[in-house]
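All chains, full assembly: derive it from the sequences and hints.
2 protein chains.
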Amino acid sequence: MSSATTKTATWVAADWGTSHLRLWPMDAEGSPLTRIDSDRGMGAIAQEDYESVLIAELEPYLPTSGCLTVVVCGMAGSRQGWAEAPYAATPCSPPSIAAATKVATVDARLSVHILPGVKQIAPADVMRGEETQIAGVLAANPDLDGVICLPGTHTKWACVSGGRINRFATFMSGEAFHLISTESVLRHTVAEDGWDDDAFAQGCEIARKDPAALLSAMFSLRAEALLADLSPVASRARLSGLLVGAEIEAARPSWSGRSVIIVGENGMASAYAAALSQQGADATIANAEETTLAGLRAAHAHLNQEV
Amino acid sequence: MSSATTKTATWVAADWGTSHLRLWPMDAEGSPLTRIDSDRGMGAIAQEDYESVLIAELEPYLPTSGCLTVVVCGMAGSRQGWAEAPYAATPCSPPSIAAATKVATVDARLSVHILPGVKQIAPADVMRGEETQIAGVLAANPDLDGVICLPGTHTKWACVSGGRINRFATFMSGEAFHLISTESVLRHTVAEDGWDDDAFAQGCEIARKDPAALLSAMFSLRAEALLADLSPVASRARLSGLLVGAEIEAARPSWSGRSVIIVGENGMASAYAAALSQQGADATIANAEETTLAGLRAAHAHLNQEV
Numbered sequence: 001m002s003s004a005t006t007k008t009a010t011w012v013a014a015d016w017g018t019s020h021l022r023l024w025p026m027d028a029e030g031s032p033l034t035r036i037d038s039d040r041g042m043g044a045i046a047q048e049d050y051e052s053v054l055i056a057e058l059e060p061y062l063p064t065s066g067c068l069t070v071v072v073c074g075m076a077g078s079r080q081g082w083a084e085a086p087y088a089a090t091p092c093s094p095p096s097i098a099a100a101t102k103v104a105t106v107d108a109r110l111s112v113h114i115l116p117g118v119k120q121i122a123p124a125d126v127m128r129g130e131e132t133q134i135a136g137v138l139a140a141n142p143d144l145d146g147v148i149c150l151p152g153t154h155t156k157w158a159c160v161s162g163g164r165i166n167r168f169a170t171f172m173s174g175e176a177f178h179l180i181s182t183e184s185v186l187r188h189t190v191a192e193d194g195w196d197d198d199a200f201a202q203g204c205e206i207a208r209k210d211p212a213a214l215l216s217a218m219f220s221l222r223a224e225a226l227l228a229d230l231s232p233v234a235s236r237a238r239l240s241g242l243l244v245g246a247e248i249e250a251a252r253p254s255w256s257g258r259s260v261i262i263v264g265e266n267g268m269a270s271a272y273a274a275a276l277s278q279q280g281a282d283a284t285i286a287n288a289e290e291t292t293l294a295g296l297r298a299a300h301a302h303l304n305q306e307v
Numbered sequence: 001m002s003s004a005t006t007k008t009a010t011w012v013a014a015d016w017g018t019s020h021l022r023l024w025p026m027d028a029e030g031s032p033l034t035r036i037d038s039d040r041g042m043g044a045i046a047q048e049d050y051e052s053v054l055i056a057e058l059e060p061y062l063p064t065s066g067c068l069t070v071v072v073c074g075m076a077g078s079r080q081g082w083a084e085a086p087y088a089a090t091p092c093s094p095p096s097i098a099a100a101t102k103v104a105t106v107d108a109r110l111s112v113h114i115l116p117g118v119k120q121i122a123p124a125d126v127m128r129g130e131e132t133q134i135a136g137v138l139a140a141n142p143d144l145d146g147v148i149c150l151p152g153t154h155t156k157w158a159c160v161s162g163g164r165i166n167r168f169a170t171f172m173s174g175e176a177f178h179l180i181s182t183e184s185v186l187r188h189t190v191a192e193d194g195w196d197d198d199a200f201a202q203g204c205e206i207a208r209k210d211p212a213a214l215l216s217a218m219f220s221l222r223a224e225a226l227l228a229d230l231s232p233v234a235s236r237a238r239l240s241g242l243l244v245g246a247e248i249e250a251a252r253p254s255w256s257g258r259s260v261i262i263v264g265e266n267g268m269a270s271a272y273a274a275a276l277s278q279q280g281a282d283a284t285i286a287n288a289e290e291t292t293l294a295g296l297r298a299a300h301a302h303l304n305q306e307v
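Residue numbers (my numbering), protein chains in the order written: chain Z, 1 to 307; chain Y, 1 to 307.
Derived by calculation from the structure, the hints in this document are not laboratory data. Careful: at least some of the hints might be erroneous.
Because identical chains share one entry, a pair is satisfied inside a single copy or across any pair of copies.
As a list, the in silico SDA-like pairs of lysine to any residue whose alpha-carbon atoms are at most 20 Å apart [to be verified]:
hint, residue 1, residue 2
1, LYS119, ASP229
2, LYS119, LEU226
3, LYS209, SER254
4, LYS209, PRO253
5, LYS209, ARG252
6, LYS102, HIS302
7, LYS119, VAL185
8, LYS119, ASN166
9, LYS119, ALA225
10, LYS209, ALA273
11, LYS209, ASP197
12, LYS209, ALA122
13, LYS209, GLN279
14, LYS119, SER96
15, LYS119, SER93
16, LYS209, ARG167
17, LYS7, GLY30
18, LYS119, GLY163
19, LYS209, ALA124
20, LYS119, ALA228
21, LYS119, SER231
22, LYS7, SER31
This is how it looks when you write it as structure tokens:
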């Protein structure tokens with residue numbers, strides 16, 4: 001076997017978001033041969049660049065004859081992305097590959113399918129990418145009657161049952177944490193990194209008791225630093241706890257008495273799990289990358305059935 | 001009378017904040033001769049510059065003999081300001097001139113008194129400048145048993161009775177509005193200016209019903225712009241309504257069934273009044289500049305009594 005043979009991919013799974021592009025060329029058994037990470041996300045490239053970016057990243061895997069199927073989730077399917085993949089509306093199953101947008105490429109070696117996002121009319125909400133992670137959770141838990149929490153810049157809480165997304169809500173908690181900790185008066189008070197489990201739990205508890213007072217509890221961090229030398233690391237963890245605690249309180253009707261699966265890979269997934277368990281909820285964590293791959297794999301499997 | 005005579009001030013009222021310096025040279029009847037506005041706030045000058053800044057601004061009013069009393073409120077009294085005026089602790093009356101810090105000046109023509117701020121130990125909170133506005137409200141309403149709302153970057157709600165500040169809370173709503181509307185994903189959705197009373201009222205009502213979901217209702221603005229062409233001006237007013245509505249809900253125990261006086265001079269004071277009246281509260285608006293002057297005037301009057 002030549003070395004070229006080791007580069008034979010049967011298809012490619014792709015997560016193309018605002019700030020990143022991740023590609024997993026897959027072997028015949030549906031396992032990733034490798035993971036390609038790029039910063040050529042939607043925010044960094046123009047509409048006409050998508051195809052050339054993909055070819056540059058996948059060059060070693062492109063076939064000499066026939067074409068390579070690429071199944072894409074994420075913001076590449078938005079109006080400002082590569083090609084619009086119109087939203088499915090809740091209540092709905094995570095959109096199947098049949099609803100994907102097939103992109104016209106100049107290079108015949110590519111067959112690109114972009115999966116749709118999901119929208120909710122009232123309260124208005126949208127997701128792009130998370131629906132594929134939800135599909136990944138449902139592939140492993142087809143009978144799940146519960147809520148899937150996807151922490152991030154814009155954290156999603158999706159209520160699922162019978163294989164469908166019934167409703168969902170997006171919280172700007174991650175983005176608010178970033179802005180408040182680096183741009184507001186709290187920038188003098190909040191450490192750039194570091195963690196304190198107790199301070200996080202304290203923040204969650206303060207928010208649970210009075211979630212409406214979130215923006216007052218935040219200012220109190222500044223005052224406590226001035227008056228009682230609250231440490232920057234404790235302040236950071238408490239701020240995170242306030243935001244996550246208010247979110248969990250708002251989402252209470254969704255998770256109370258039901259199964260919770262948190263999709264995440266870093267400390268935030270553990271923090272959400274800790275905060276939920278503090279409230280008596282039983283949350284399990286699913287690895288984010290594996291969940292994305294499971295969702296893209298399910299879509300690809302349906303594509304093959306259709307062919 | 002020479003033209004110099006028209007510049008005779010008996011004393012000077014001063015509001016020296018983070019981003020501004022305002023000076024009101026006063027006539028013998030306690031009316032301002034003029035208002036001097038400067039951008040030489042605490043954030044723009046070093047500790048050793050305060051005296052020279054004051055002399056430069058007040059030069060035309062400095063006496064040829066004797067000295068000019070300047071009564072200062074605001075951040076100039078913080079540890080990072082001109083000279084620290086230690087906080088009074090709640091419950092307390094707004095600090096009197098007896099508690100002021102007398103600043104040592106090189107120029108003998110100045111006699112500068114900086115009024116203390118007020119702190120609260122639990123929940124930790126601080127104010128500097130607003131306590132003087134509260135003193136101004138109490139000068140006009142000595143028997144007030146109610147709450148004073150001071151909208152701003154960091155809005156204060158102070159519960160007063162018997163001439164004392166019993167407790168207070170600071171909400172970062174103004175700063176959060178600025179950061180979320182200009183730096184978050186909502187920057188694509190929220191107009192830079194413009195107003196819509198109905199959208200503001202709608203935001204207040206959404207927040208009243210579910211104040212914990214503030215950061216989700218915010219994301220919904222983005223989604224509604226994508227899905228239903230919510231206008232940027234309506235989005236701006238709704239965002240403001242969400243923040244003010246959550247704040248009013250959190251402050252409900254303070255204002256419910258009690259008198260509310262809002263200290264403000266711009267559209268935000270009217271917006272708070274509208275939001276409170278939507279909840280059946282009876283709020284009156286006191287002009288911010290007049291209220292500051294009334295507080296500084298009361299302090300100056302006590303200074304004269306002490307002399």
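Right, here's what the structure says about each hint:
no. : hint            : result
1   : LYS119 / ASP229 : between (45 Å within a copy, 14 Å between copies)
2   : LYS119 / LEU226 : between (44 Å within a copy, 10 Å between copies)
3   : LYS209 / SER254 : both (18 Å within a copy, 17 Å between copies)
4   : LYS209 / PRO253 : both (16 Å within a copy, 14 Å between copies)
5   : LYS209 / ARG252 : both (13 Å within a copy, 15 Å between copies)
6   : LYS102 / HIS302 : within (15 Å within a copy, 79 Å between copies)
7   : LYS119 / VAL185 : between (35 Å within a copy, 17 Å between copies)
8   : LYS119 / ASN166 : within (11 Å within a copy, 48 Å between copies)
9   : LYS119 / ALA225 : between (42 Å within a copy, 12 Å between copies)
10  : LYS209 / ALA273 : within (19 Å within a copy, 27 Å between copies)
11  : LYS209 / ASP197 : within (19 Å within a copy, 31 Å between copies)
12  : LYS209 / ALA122 : between (27 Å within a copy, 15 Å between copies)
13  : LYS209 / GLN279 : within (12 Å within a copy, 22 Å between copies)
14  : LYS119 / SER96  : within (15 Å within a copy, 58 Å between copies)
15  : LYS119 / SER93  : within (12 Å within a copy, 54 Å between copies)
16  : LYS209 / ARG167 : between (26 Å within a copy, 19 Å between copies)
17  : LYS7 / GLY30    : within (14 Å within a copy, 86 Å between copies)
18  : LYS119 / GLY163 : within (17 Å within a copy, 54 Å between copies)
19  : LYS209 / ALA124 : between (27 Å within a copy, 16 Å between copies)
20  : LYS119 / ALA228 : between (46 Å within a copy, 11 Å between copies)
21  : LYS119 / SER231 : between (42 Å within a copy, 19 Å between copies)
22  : LYS7 / SER31    : within (13 Å within a copy, 85 Å between copies)
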